[in-house]
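*Asks:* Since chain A is already given, all that's left is putting chain B with the ligand on it; use the hints.
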Amino acid sequence: MKPDFEQFKDIPGTTIFTIEKARQGFWLNQFCMSLREEANRKRFLGAEREYLDEWQMSEQQKQAVLDRDFQKMLDLGGNVYFLSKIFASEGLSYVQAVSTMTDMNVEQYQAMMLGGGRNVEGWRSKKERGEA
Amino acid sequence: MARITAGISTSHVPAVGAAVDMQRTEEAYWKPMFAGYEFSKKWMKDNTPDVAIIIYNDHASYFGMEIMPTFAMGIGDRFEICDEGYGARPVPVVEGAPELATHLAASLILDDFDMTVLNVLEVDHGLTVPMSLMFGTPDKWPTKVIPLPVNVVMYPQPSGERCLSLGKAIRRAVEQFDGDLNVQVWGTGGMSHQIQGARAGLINEPWDRKFMDDLVNDPENLQYKPHLEYMVEAGSEGVELIMWLIMRGALGEKVDEVYRFYHVPASNTAVGHMILTPKE
Ligand SMILES: [Fe+2]
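Line order of the protein sequences matches chains A and B. Using our numbering, the letters of the first sequence map in sequence onto residues 1 to 132. Using our numbering, the letters of the second sequence map in sequence onto residues 133 to 412.
Please keep in mind that the hints were generated in silico from the structure rather than gathered at the bench.
Straight-line Cα separation of at most 30 angstroms, DSS-like style, residue types lysine-lysine; simulated pairs: (1) B/Lys-357 <-> B/Lys-411; (2) A/Lys-126 <-> B/Lys-342; (3) A/Lys-2 <-> A/Lys-127; (4) A/Lys-127 <-> B/Lys-357; (5) B/Lys-174 <-> B/Lys-163; (6) A/Lys-126 <-> B/Lys-357; (7) B/Lys-357 <-> A/Lys-9; (8) B/Lys-173 <-> B/Lys-411; (9) A/Lys-127 <-> B/Lys-342; (10) A/Lys-72 <-> A/Lys-127; (11) B/Lys-300 <-> A/Lys-2; (12) B/Lys-411 <-> B/Lys-177; (13) A/Lys-2 <-> A/Lys-72; (14) A/Lys-62 <-> A/Lys-9; (15) A/Lys-126 <-> A/Lys-72; (16) A/Lys-126 <-> A/Lys-9; (17) B/Lys-163 <-> B/Lys-177; (18) B/Lys-173 <-> B/Lys-386; (19) A/Lys-72 <-> A/Lys-9; (20) A/Lys-2 <-> B/Lys-357; (21) B/Lys-300 <-> B/Lys-177; (22) B/Lys-174 <-> B/Lys-272; (23) A/Lys-9 <-> B/Lys-342; (24) B/Lys-386 <-> B/Lys-411.
Not close to chain B: a few residues of chain A, all C-beta gaps over 10 angstroms, as computed: (25) Lys-42; (26) Arg-43; (27) Leu-45; (28) Leu-52; (29) Asn-105; (30) Lys-127.
Glycine included, every Cβ here is placed at the ideal spot set by N, Cα and C.
So that you can see chain A by itself, here it is in the shape it has in the complex:
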């Protein structure tokens, strides 16, 4: 079967982690995997730029990590389960980190979740939203 990577591009506000993205983000995600070890977490947080320079990441990927710009990291091939090692290093929860990718602050995001989450209505298609 011929793979169809285009089919996901109409989902608004969503980056699907495909095998192509996995190739693009390989070293970014491998850097994240290294943070499973406490010693590496300490070393990374102590000297971020130096630590990142040990990995074959693009300059853009490194900058996105330094900026904690998670959406940018997704765009550059990162996957959220890998990226979670960055925010876990700093003791942040998924809710705290994930909310930064939305247009809400963490309190507003929490309130939305307690209210039953984001309603799918209006969030199915970029075309429908006039974004495409």
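*Replies:* Below, chain B with the ligand alone, put in the same frame as chain A:
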């Protein structure tokens, strides 16, 4: 002969594990969610299996991007707990069931399911959170476990059809094992959730509830749901629900629904949980 006596499905939210580990289950935020598992913990005390085959996904905890198996099986005699970035969960080590696992892996490969064989594996919240929900906080887990990691993180994930038929093959393989074992199959992950991008926080309760209905009554049609529909309707991480189909396939044609629970939210996620038994 060994037999499959029940199927369990449950979400495996990491924050739920953290709430258990930090004794926060009585707090107002968590209490209603944990209350939904009280029935199940009691039921499980009376129906503890010898072995649980736990279908879950690794969340960049053990597998990096170096190796991404579509279907794998842990055949070792013990599985250590991963450090997922916050330090390892303080839960007992997971004991394996190598005799049944080697039989199962071999049977499945001979049946054209090309399982990756794992002699070494560390398990993450995808596997340990369901155990905490079903067993609480014992010093030692009361059941042996065969971990069955599935790639649900990178597209293409296995298709729904493939998942349901893997479940059917697991059922046949268990029944062909010489040895009197009570076996359960657990399908974990889901329900609707999205933890990335501007659309993060998506929850779709009507879709989730229909999924549970169809899982019970109409798995033969449910298996054809394309990945795209899971991602659009249940969020990019809602595609984990294909793992419930493996569990369902292992139960045979008709099932009895013993229990169902649904709750929003746990962190970013809709929690769904079912106990099903094969109708003989
Ligand atoms: Fe998961």
